[in-house]
Amino acid sequence: MVDQKELINAVKETVSREDVRYIVGYEEGTYGFETAPSFAYTSDDARKFIFNPLCTKNLVVYPILEEKLPLKREEQEDDRKIGIVVKGCDSRALVQILQEKGLKRENLVLIGIPCTGVVNTKKIKDKFPNQTEYTDVKEEKNHYVFSIEESVQKIPKKELLADVCKECEYPNPVIFDILIGEETEVETEPTYIEVREFEEKSLSEKWEYWKKHFENCIRCYACREACPLCYCKTCMADFLDPQWIRRSVDLSENTAWNIMRAFHLAGRCVSCGECERACPAEIPLMKLNKVLEKEIRELYDYTAGLDPEEKTLFGTFNPDDPEEFIM
Amino acid sequence: MKANPYLPSLAIIEGVKEEVEGNRAIKTFRLAFQDDKKKNFSFIPGQCVMISLFGSGECMFAISSSPTQKDYIEVSVMKHGKVTSALHKLEKGDTLGVRGPYGNNFDVEGWKKRNLIFIGGGIGQAPLRSVINYILDNREDYGNIDIIYGARTSADLCYKDEFVELEKRNDVKAHLSIDVDEEHWEKYVGFVPDNLLEVNPAPENAIAITCGPPIMIHYVIQNLLKLGFKEEQIYTTLEMRMKCGIGICGRCNIGNLYVCKDGPVFSYDQLKELQGDI
Amino acid sequence: MENAIISKEKLPELFTQIIAKNKLFAPVKENGFSLFKEVEKASEIDTSYVNTRVPPKSIIFKQTETLFHFTPGKKGNVEKIPEENEKIVIYAIRTCDAKAFALLDPVFIGDFEDPYYSARRRNSVLIGLSCNNPGPACFCTSFDDSPASIEYVDILFTDLGYKYYIEGNSEIGKKFLEDHKTLFDAASGEDQKSRDKVEREAIGKIKRTMKLTGIVEKLDGMFDHPIWYESARKCIGCGTCTYLCPTCHCFDMQDESTLNKGARIRVWDSCMYPEYTHHASGHNPRPARMNRVRNRVYHKFNYFPKNTEVFGCTGCSRCIEYCSANIDIIEIINKIGEVKE
Amino acid sequence: MKDFEPKIIGFLCTWCSYAGADLAGTSRIQYPSNIRIIRVMCSGRVNPMFVVNALQQGADGVLIGGCHPGDCHYQHGNYQARRRITMMKKLLEFLGIEPDRVRMTWVSAAEGRKFAQVIEEVTEDIRKLGPMKQVRRKNEW
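Protein chains in written order, with my numbering: chain W, 1 to 327; chain C, 328 to 605; chain V, 606 to 946; chain A, 947 to 1087.
With the rest of the complex left out, here is chain W (with noise of 0.2 Å):
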């Protein structure tokens, strides 16, 4: 449990050093179980600052959204530091940018919480689709507990917990400045339980599942946008020549870009869930990355975003990397 206080005390004093520009955190939403991103430029704005377990942005995605505009004459680029509120897995998108020098240490000052799970915040709003005002969502004792027109709900935590928060490795920040709070003591070990049974299907009939959901995918591009791991300065489904993607949404395009953005995040997902809770379609998105994340952690021992100096993956190798395939 993040006592609220100490955030945003932290956050009050961090924000009113002279080389910090704004923090990003989390405020109370506009309605029902939503939370939304919150931007401290003063130390007043920091009072709006919470934490709980409706906090499930990655907030990673700030720093690099940030639009490098044209400067106008004698105006001066701001480069003083961002300040970034971040869960476990959060820091670890970050240390990925940093492996992929994307963005700058020195550049970042990050508030560490250490989590204990996000709600799947799709899951309370279809147990409760009614819910118009704000709802504050505490945990307690493996139970979520919050309040529906003054009667207490006390739900148990594996019931709303999101799929990602499961078999979290690493709830802790792997890298911060401030920590708020005790460190998560850690249980799991992941299982892949459920890419595992999906493996067990056959060719067919894990096409028939796929084939059920990129047919809907509507190619918002959510997912890219979401995810803090995709930053390319220009995606390549964006390119008109050559055009890597046809523009035209059907079944084969949508599993091309499908393909795309799972390969393009092997190595680098933290499986922080945020392309599967931005997907309107409701595309299982996180399995695709999962089962890549088991893959390689059978294949090269290699796990993403924990050390900032480490080589990423498809930018390193090893003689001896498994090549059973290979003719």
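Rather than coming from a laboratory, the hints here were simulated on the basis of the structure. For every residue, glycine included, the Cβ atom is placed at its ideal position computed from N, Cα and C. It is possible that some hints are incorrect.
[What the hints assert, rightly or not] Cut-off 30 Å, straight-line C-alpha distance, at most; resulting in silico cross-link-like pairs (DSSO-like, lysine-lysine):
id : chain 1 : residue 1 : chain 2 : residue 2
1  : W       : 212       : A       : 1060
2  : V       : 634       : C       : 364
3  : W       : 5         : W       : 68
4  : A       : 1084      : V       : 646
5  : V       : 680       : V       : 823
6  : V       : 634       : W       : 158
7  : W       : 123       : W       : 68
8  : V       : 779       : V       : 802
9  : C       : 406       : V       : 680
10 : A       : 1060      : W       : 211
[Claimed, not checked] Going by beta-carbon spacing under 8 Å, a handful of chain W positions derived as facing chain A:
id : residue
11 : 22
12 : 116
13 : 197
14 : 210
15 : 244
16 : 249
17 : 252
18 : 256
19 : 260
20 : 262
21 : 263
22 : 295
23 : 310
24 : 314
[To be verified] Okay, the calculated beta carbon distance ranges per label pair:
id : chain 1 : residue 1 : chain 2 : residue 2 : range
25 : W       : 310       : A       : 1056      : 35 to 41 Å
26 : W       : 158       : A       : 993       : 39 to 45 Å
27 : C       : 362       : V       : 866       : 20 to 26 Å
28 : W       : 208       : A       : 1056      : 43 to 49 Å
29 : W       : 66        : V       : 625       : 43 to 49 Å
30 : A       : 1084      : W       : 158       : 42 to 48 Å
31 : W       : 128       : A       : 1084      : 55 to 61 Å
32 : V       : 830       : W       : 102       : 31 to 37 Å
33 : C       : 480       : A       : 975       : 35 to 41 Å
34 : A       : 1084      : W       : 134       : 23 to 29 Å
35 : W       : 65        : V       : 684       : 58 to 64 Å
36 : A       : 993       : C       : 482       : 34 to 40 Å
Starting from the structure of chain W, add chains C, V and A where the hints point.
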């Protein structure tokens, strides 16, 4: 039942003229219609056409020839993106699709008897060339004509040979400029807005028409106001990324107007009222 | 025939009759969410939804549409495609989505007529289904509509438990009721009362309001207000709001071809992408997310009313509900209303 | 599917596999004509999207040929290609697309005979798999 606005008519390239070579190459294509559009295609200077090269895509271009020239239309194309690069590979005899004409036009009727100042930069001269040629063909209806035109280098100037012809005439004044000094260049060196101040046209009974890169238009308008031009005396023609050309696809809006349908010609007082990103 | 009722047992028979002569589009539940699909059997239809994920505009204004065929290359040629003339029935469309068609009509059938949209629109019958359980962010009442408005549909169904109350609106709707009248019973005054009660209850469930008085004029003076930076900071630029919006109509046109045949297609596009307005020269009139979010709000609440005298929003709440950064259009508009000039 | 002749795209590295193919030709070794060769500078240049794109546009199988481990003209391009193609195959398998449609081989400039054998084997394997269905572009507008 109206005609399908997305269907292009076929046109044959009758000639290709290389205006500028190099990285920012510019070519002028002369197009003649193949079907019944041959007879019923008419336009007023300032209007645009959608040119498609089948398989590459479609782009909006200002017609750069005058409507007094009935047999063909001309468009000048700078090589920049996917479609324009493909267009630049075409030769005489190849087929293109043409839709249009689209958009509004310069008020050539309303400008009769007035002095006209044209201020163009780079490829921005293309739509101006249409009006200029129209007006030269109806020379007696109009007052003094000044043409201020500039480009980055002398090699980047479009319609060079036409300017040679213009300079020979005594009823038109052409003021050419280049941005950076070169050997053998005896005319003005400097940006187009500065050349405008140099030429110093009188605002009385005058209309100023400008087209060029956004930043040039910005400073030209400022300088015109400095010279005493009123907002309604200044006209510009804009460009935007366009797809449908008929005000549906949404991308070319400035405020509630679409450049493809309600533009591309705007007077400055109109433009000032519009809330939108240009 | 004007007002009638149909018992739920007879409903499959009605669908069978419709399917025999028309293409029937109705909501189905797939992979855990609802969407409009062409249905072949009455049993596929699932009306237990608030609103479908992708709006039914996708039936009339398809996400991917072939405009015409061509022969690619230097010696190209154009080949028209035959006009679609199939009769379309859209069942269980919500009033907010039906209103969207009323908003899109002047766009697609204005100075120029979009033949693909207009052909389908002409051939379609909209059967509305009153929304008895509006979602938590719904706000159609802010536009003086109700979850059971009849103006925008040809026929309106209202669920009264074991039967549906049916009202015909347009000529097409009345004729449609006449054609299938063997399945209907006359509606009594009692039915009328329970229908009104259902509507009142549904309106009561809508808790959120967008304050729209004077917003068009207010926006006129707010183009450079800092509120746009504040609202757009959260935006991740994903475009979900526009793809799921029933009134967004932007599209991209592209050529697709093999060596010897090709087609010009159009696909939905979104003003939330930087590429959308990016000129080939490199200039971008809307380079920042601030410009793009501002454009979206202005388009719905300033440009649309200026051009067609109605707001370009129907209150379906999709853009609020599926935004992953909780950008709330109600909040933005209400904030604008509160700004002191 | 007796008459099915698979189309296979071969991305061959210019230094080894392409030279191997050349040798097979000049040595007049017979091999199936199902392969269409695209020469690339290094197997490491093969972007996995090349593979997907080939399958979309009409290929029934894709073969990537590189130098033997340790022999890469650019030191380690083939090692990096190996990791990528391994992951690509795993991903395709998970999606229900036959991973055997994507093959990889090490052929040196001296192995004309091996090249012919590889092509024969790949052609037969892909013939058994039948035409690519899942991601093929329909091109029916």
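Hints, verified against the model:
A distance of roughly 42 Å separates the Cα atoms of residue 212 of chain W and residue 1060 of chain A; the hinted pair therefore is violated under the 30 Å criterion. Restraint check: the Cα-Cα separation between residue 634 of chain V and residue 364 of chain C comes to about 50 Å, which exceeds 30 Å; the hinted pair is violated. For the hint pairing residue 5 of chain W with residue 68 of chain W, the CA-to-CA distance comes to about 34 Å; that exceeds 30 Å, so the pair is violated. Note on residue 1084 of chain A and residue 646 of chain V: the hinted pairing holds, with a Cα-Cα distance of about 27 Å set against a maximum of 30 Å.
Taking the CA atoms of residue 680 of chain V and residue 823 of chain V, the gap is near 53 Å; set against the 30 Å cutoff, the hint is violated. For the hint pairing residue 634 of chain V with residue 158 of chain W, the CA-to-CA distance comes to about 26 Å; that is within 30 Å, so the pair holds. Annotation: proposed proximity of residue 123 of chain W to residue 68 of chain W is violated, straight-line Cα distance about 38 Å (limit 30 Å). Taking the CA atoms of residue 779 of chain V and residue 802 of chain V, the gap is about 24 Å. The hint holds against a cut of 30 Å.
Proposed proximity of residue 406 of chain C and residue 680 of chain V is supported: the alpha carbons are some 21 Å apart, at most 30 Å. Between the alpha carbons of residue 1060 of chain A and residue 211 of chain W the distance comes to roughly 38 Å, so the proposed pair goes past 30 Å and is violated. Using the Cβ-Cβ criterion of 8 Å, the hint placing residue 22 of chain W at the interface with chain A is not satisfied: the shortest such distance is roughly 37 Å. Checking residue 116 of chain W against chain A: minimum C-beta separation of about 30 Å lies over 8 Å; hint violated.
For residue 197 of chain W, the interface hint is violated, the least distance from its beta-carbon to any beta-carbon of chain A being 12 Å, above 8 Å. For the restraint placing residue 210 of chain W at the interface with chain A, the shortest Cβ-Cβ distance is roughly 5 Å, inside the 8 Å limit, so the hint holds. For residue 244 of chain W, the suggested interface contact is upheld, since its CB lies about 5 Å from the closest CB of chain A, less than 8 Å. Residue-level restraint check for residue 249 of chain W is violated (minimum Cβ-Cβ distance to chain A is 13 Å; threshold 8 Å).
Satisfaction of the interface hint for residue 252 of chain W is found here, the shortest Cβ-Cβ separation to chain A being roughly 5 Å, below the 8 Å cut-off. A hinted interface residue such as residue 256 of chain W counts as satisfied when its beta carbon comes closer than 8 Å to some beta carbon of chain A; here the least separation is about 5 Å, so the hint holds. A hinted interface residue such as residue 260 of chain W counts as satisfied when its beta carbon comes closer than 8 Å to some beta carbon of chain A; here the least separation is about 6 Å, so the hint holds. Given the 8 Å rule on beta carbons, the hint for residue 262 of chain W holds: about 6 Å separates it from the nearest Cβ of chain A.
For residue 263 of chain W, the shortest C-beta to C-beta distance to chain A is roughly 6 Å, which falls under 8 Å, so the interface hint holds. The beta carbon of residue 295 of chain W comes within 5 Å of a beta carbon in chain A, closer than 8 Å, and the hint placing it at the interface holds. Below 8 Å, beta-carbon pairs count as interface contacts, and residue 310 of chain W has none with chain A, the closest being about 15 Å; its hint is therefore violated. Taking 8 Å as the C-beta cut-off, the interface hint given for residue 314 of chain W holds, the closest approach to chain A being about 6 Å.
Taking 35 to 41 Å as the suggested C-beta distance range, the pair residue 310 of chain W and residue 1056 of chain A conforms, at roughly 38 Å. Under the hint 39 to 45 Å, the C-beta atoms of residue 158 of chain W and residue 993 of chain A, about 42 Å apart, fit the expected range. Taking 20 to 26 Å as the suggested C-beta distance range, the pair residue 362 of chain C and residue 866 of chain V conforms, at roughly 21 Å. For residue 208 of chain W and residue 1056 of chain A, the hinted distance range of 43 to 49 Å is satisfied, since their beta carbons lie about 46 Å from each other.
Distance hint for residue 66 of chain W and residue 625 of chain V: a CB-CB separation of about 58 Å, inconsistent with the stated range 43 to 49 Å. Between residue 1084 of chain A and residue 158 of chain W the Cβ separation comes to about 44 Å, which falls inside the hinted range of 42 to 48 Å. Restraint check, residue 128 of chain W to residue 1084 of chain A: a C-beta distance of roughly 43 Å breaks the suggested window 55 to 61 Å. For residue 830 of chain V and residue 102 of chain W, the hinted distance range of 31 to 37 Å is satisfied, since their beta carbons lie about 33 Å from each other.
In this structure the hint that residue 480 of chain C and residue 975 of chain A lie 35 to 41 Å apart at CB is violated, the actual value being about 58 Å. For residue 1084 of chain A paired with residue 134 of chain W, a C-beta distance near 47 Å fails the hint of 23 to 29 Å. Distance hint check: the CB atoms of residue 65 of chain W and residue 684 of chain V are about 44 Å apart, inconsistent with the given range 58 to 64 Å. With their beta carbons about 38 Å apart, residue 993 of chain A and residue 482 of chain C fall inside the hinted range of 34 to 40 Å.
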